[in-house]
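Residue numbers (our numbering), protein chains in the order written: chain A, 254 to 928; chain B, 5 to 326.
Just so you know, these hints were derived from the structure itself, not from any lab. No experiment lies behind these values; they were computed from the predicted model shown. Wrong hints could be hidden among the right ones.
Unchecked claim - Each computed SDA-like pair below joins lysine to any residue, with the alpha-carbon atoms no more than 20 angstroms apart:
1. B:Lys59 <-> B:Ala224
2. A:Lys782 <-> B:Gly160
3. B:Lys59 <-> A:Val800
The lines below spell out each chain.
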Amino acid sequence: MSPIGAALGAASAAAGAGALAGLLLPLRVRPLAAGACTTAAGAAGVVAGVAALGGDSWSVRLPGLLPLAGTHLAVDALSGLFIAVAGAVVAAVAVYGIGYSGHGATGAGSRGVQALLPLFAWSLLLVPAAASVSTFLLLWELMALTSLLLVLAEHRLRAEVRGAGVWYAVMTHLGMVSVLAGLAWFAADAGGETFAALRAGADQLSPGVRGAVFVLVTAGFASKAGAVPLHAWLPRAHPEAPSHVSALMSAAMVNLGCYGIVRTGFDLLGGGPSWWWLAVLATGALSAVYGILQAAMSSDLKRLLAYSTTENMGLVLVGIGAAGLFADRGRPELAALALAAALLHLVNHSAFKALLFCAAGSVVHATGERDLDRLGGLRAKMPATAGLFALAALGAVALPPGNGFISEWLLLQSLIHGLQVPGVATAVVLPLAVAVIALSAGLAAAVFVKALGVGFFARPRSEEARRAREAGPFMLAGMGLLAACCVALAVAPGALGSGLDRAGTAAGLAGAPVLDDGTGVRLDAVSAKLVPVWVLAALTVALLAAVGVPRLLRRRRRRLRARLWDCGGGAPTPRMAYTATSFAEPLQRVFDDVLAPEQDVDVTHTRESVYLVERVRFQRRVPDRVEHRLYRPVLDWAERAGEAARRLAPGSVHRYLGYGFFGLVALLLVLAVGW
Amino acid sequence: MSALGYAAIAAQAGAVVVGAPLLTGWMRQVRARLEGRAGAGTAQPWRDLRKLLRKEPITAAGTGPAFRVAPALLVASTLVVAALIPLVSTATPISGHADAILVVGLLALGTVTLALAGLDTGTAFGGMGSSREMTISALVEPTILLAVFALSIPAGSTNLAAIISGAAEDPARLASPAGLLATAALAVAVLAETGRIPVDNPSTHLELTMVHEAMVLEYAGPDLALVELGAQMRLTVLLGLQASLFVPWGIATAGDSWGSLLLALAVLAVKVAALGALLAAAEVFWAKLRLFRVPELLAGSFLLALLAVTASYFLGTGGGIL
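From just these sequences and the hints, can you work out the full model?
This is how it looks when you write it as structure tokens:
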């Protein structure tokens, strides 16, 4: 048996044991046992994924496991990449989860959550390994259902959780229907439902059918990836889930939406015309800018992170779209570069976003607050958590020497050099895509300066923040694992080079663009070079010089403490400090036309005179405009349709019998006339 | 060669550190003379720095590590940029790493650390300054990267050494519409990045108009010296880069001798001093824009950069990528 099969088998066994442990063991040992099993499953997933990235492949057919179709599993390098990422996130987050959920029988520590988490983790590992339509859809649905139930874990504690659950349930299933319809149509026309049969039969499909299949499948997968305008579930479900579940969803589950697009678009359908990929690119660009703008406006820490997920998935989709475009225009080496950039960004995003959600979870755990306006001063109370959040934020803002910089650099390089591809479409689209990436990177810097500076720095703005305590050892250990991943990706991305090439080859885009040069990234397809270790070393040397030289010149060595500048008006209170809302105000004004904030000023006059004001109430909200314009009308329409339908059912038995009679007669008439 | 290359790196970094306060002094002097004042002399910023460096370090109460480390990190990131970009020579041992996107990222790193330090003080001024600074820097980013894009098209690479040595060999690139538009776009971006009029006023202390000064209000002593030096170095580096990109002559190339290195240093000083004098003279006649008019200026520069990229595609500058 190949190492991949053995590892996936071990992961399944560990996940099963974890589910049983979560269900049966008493509360005292439940989180530890279930968490240990889930960690083992994740570690086994990493082993399987790394083996596949190393060039191994594996496939198996289990005819007895499912009626009619049987189960088909296959792992190539592309699957391996997603399995490895999911496995690493699962392993670290499971360690974190032991500490996070060990504080009560409701919510994260409950029997249901502890039993479901291993199953969710298992489905994350197995979805990329599915090799037939029925197996894929079954695992996809298992992933959707387990994650839905996990989102609902804290429904007893907060009423908003239920609303989030309904949104998620509806949208994930609409996405599922879209994917199901697309893949079923594909399978029917290709003459088989295994991925091998789809691959073989893809050429016989008419262009119209291919386009329709791609649109249906991509719509479903894009909604899972949180792409605008199908993102509405994401900023609701991710914040309301327990934080370790948020981390799994944001760092492992949304990836699979991108996996689905790459797998069907490149591998199964074998590429397609430019308009497919221009649509993907446009969706990605819209998601990137809109997502990060909403994150800039958000003062809820976890909601901000969720919107940032939309942004990063948007960037990945830009890379995927560019790859498809270049492949269609006959430049496979540039296509492979763009796809490698997209996949590397996906890996980087998983590392820093899992860490960000875990750190946010520690804050919620310690303070019970997610509102940045009520946090602050946490760096003194929770130094390790603050440091880890800062490390992850450095990755998220895509600045050197963070890990996000490397993948955004690759993405920019692929787009800049994509101008070699002839055609007016590329000449117009690529500069705009570069501008979109730049704008989203700039806004991301503002977003994470806000999250870190307002949430963790300055002084506490509430009693809860003042009483915060550092996270426990398990939580810190889990976050430490994720931080190690971030650092490794930031320092030695070249180690991933050959694996990324194999993943691209598995997707049908051969070429060896990202050469493994030990530590750096050197692109042979284009003339560019980046050695992150060098950047880090240079910064360190310069920093030592900048700290050391003034110290030598200084005559008085002792550091004095002094009061803050208070304009002579007494010590500044925390209420005077900038909040997240005030920090975002200039950006909100600049993007007024896009965000359309709602403002409400309510003036109450005194009874004696209208010239005297008793009370002024000011309220400003920045609603999700896409949701407002796109979903609200549909929901209103559905509600009105429901009202109208209710008039058909007044409760009279005679009326219902009448419906039955007329319905039957109408059916018989149709049959008599039609046949 | 190698010794010459390392000497070039040291010369660049040293010139930027030593020259940055002198450039600021020179610009203030030009401005003072144009306004009919005598001025404090070109070396005054150096005297200020010496005074500040000798004072005892002061930490404001309630601030944390971000506040302490930000000045040094600002100087460090600018120092790396100064060593990296081809100001004096295009053939240093590290010129292969001088990627334009990396340079943009390193400069943004300095901005972000200072903004975090502003928030770390927990005062209204600090938060206000960093909020405004991050807003402006987010809006500048697209302009800068599109200008980089436009410049990289003829050279076929985002490597600054390749761009500059290519432009020195083929001056037609600079006079092309793409080159001119990119120059204009980058000039506006440089004004915004260095906090000059009309985006920010470096000599203001009025809370309604402060951006950079509000962020660094709590700094004193040697920390303030580093912040001042960092800001001055950023200005020098960006003006030097602008000069190298669009007047690429005089920069030493591979195979040049010690003499040409010295010549390149002198030429750099002249170019940067001329640009600085131009900027100082322009500032006498300009007024600072309202904060919420700044996005209009930046949108204009973004448009120029976009035009630069599309112009270079449709008009075809030849060579390189196309």
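A quick look at each hint next to the structure:
1. B:Lys59 <-> B:Ala224: holds (9 angstroms)
2. A:Lys782 <-> B:Gly160: holds (13 angstroms)
3. B:Lys59 <-> A:Val800: The given pair, whose Cα atoms are some 15 angstroms apart, holds under the 20 angstroms limit.
Hint compliance for this structure: no hint is broken.
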